[in-house]
Amino acid sequence: MTIRAAITDSVATVLVMLSLGLPAAAQQAQKNSHLKSIEQCNGTDRIPVQVRVAGCTALINSGDTKPAALALAYNNRGNAFAAAAEYDRAISDFDRAIELASNYVKPVNNRGVAYLRKGAYEDAVKSFDEAIRLDPAYGSAFANRAEAYLKLNRYDRAVQDFDEAIRLDPNLTWARSGRCWTRAIIGELQAGLDDCDKVIQSGSNDAATYDSRALIRLKMGQFAAAVDDYSSALRLAPNLASALYGRGLARLRQGDSAGGDRDVAAAKLIDLKVADAFARYGVQ
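Read left to right, the sequence shown gives residues -28 to -1, 1 to 256 (mature numbering (1 follows the signal peptide of the UniProt record, and there is no 0)).
Where hints are given, some of them may not hold.
In silico BS3-like cross-links for lysine-lysine, where the CA-CA straight-line distance does not exceed 30 Å [as the list claims (entries may be wrong)]:
| no. | residue 1 | residue 2 |
| --- | --- | --- |
| 1 | K98 | K123 |
| 2 | K123 | K240 |
| 3 | K38 | K98 |
| 4 | K170 | K123 |
| 5 | K123 | K245 |
| 6 | K123 | K90 |
Label-pair ranges, simulated between beta-carbon atoms [what the hints assert, rightly or not]:
| no. | residue 1 | residue 2 | range |
| --- | --- | --- | --- |
| 7 | Q22 | E102 | 28 to 36 Å |
| 8 | R207 | G91 | 26 to 34 Å |
| 9 | R105 | Q226 | 46 to 54 Å |
| 10 | R225 | D107 | 43 to 51 Å |
| 11 | R234 | E94 | 36 to 44 Å |
| 12 | I19 | R126 | 32 to 40 Å |
| 13 | D60 | A109 | 29 to 37 Å |
Read the hints as simulated data drawn from the structure, not as lab findings. Heads up, the beta-carbon is just placed ideally off N, CA and C, and yes, glycines get one too.
All chains, full assembly: derive it from the sequences and hints.
Right under this line is the structure:
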């Protein structure tokens, strides 16, 4: 299983106030420096992490940034740290953003995602609880909390949150993909298949959705279709253990012992517990 949770609004625009009372040339130089830092801190994921961190750090340390904008700078730097898998530093920055702007919901959600990616699932749930309290219409927070519940094997709660996320934002395709996976696990196969089909038909091309639909095909006994979907997932994510293991099981059921054993062995090299996970899903 891949984590579908997403940090929302990874770019939050930062504006700063420049110091007054300086000579014109000094003010212009300061303005140019600030504008560069703002551009870097507001940068998209295509801008290198270290550049984004440097821009946000310059704003944070400048002494010229008002509290609301400072909160945005901490949030954006937290997003950059999270993108680099530096989750403890990200969480620290999200905490600071929340201290500066207690009603600013995005760092609360983003902190939850950092906890989720770190593997601190209970802490993730608590952060998403708080984000939802601050904004009950925040679809992404519901979907993110569903991902945390999935990791805790609380599948009924995950389905409920995915339902609410999709109700709030029908275009949230990764939430529909997550609900497909959850439904595959709990045995709501046709409903799950419908979810995955809608995601794929929308033009989304991600390994998680193919992996989810493949599990449904496997449980339905549609082994050739399962192999095709698992292969599609692996073209997008060659080291996805669940796809390798699932494809191995499908091939074994087709009578392809060599191919099946090869996939199962490769999956176990990536994730020693993959067989235990499939046993929880009702497939052995």
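Verification of the supplied hints:
At roughly 14 Å between alpha-carbon atoms, K98 and K123 fall within 30 Å of each other, so this suggested pair holds. Of the supplied pair hints, the one linking K123 and K240 holds, its CA atoms being roughly 19 Å apart against a limit of 30 Å. Among the hinted pairs, K38 with K98 is consistent with the structure: their alpha-carbon atoms are about 29 Å apart, no more than 30 Å. The suggested pairing of K170 with K123 holds, with an alpha-carbon distance near 24 Å, which does not exceed 30 Å.
Taken as a hint, the K123 and K245 pair is honoured in the structure, with Cα atoms around 14 Å apart against an allowance of 30 Å. For the suggested pair K123 and K90, the alpha carbons sit about 12 Å apart, so the restraint of at most 30 Å is met. In this structure the supplied range 28 to 36 Å holds for Q22 paired with E102, their Cβ-Cβ distance being about 30 Å. Separated by about 27 Å at the C-beta atoms, R207 and G91 satisfy the suggested range of 26 to 34 Å.
As the Cβ distance of R105 to Q226 is approximately 50 Å, the hint placing it in 46 to 54 Å holds. At about 46 Å, the CB distance of R225 to D107 agrees with the hint of 43 to 51 Å. Range check, R234 to E94: about 38 Å between beta-carbon atoms, so the 36 to 44 Å window is met. Range check, I19 to R126: Cβ separation about 37 Å, and the 32 to 40 Å hint holds.
A hinted range of 29 to 37 Å holds for the C-beta pair D60 and A109, which are about 30 Å apart.
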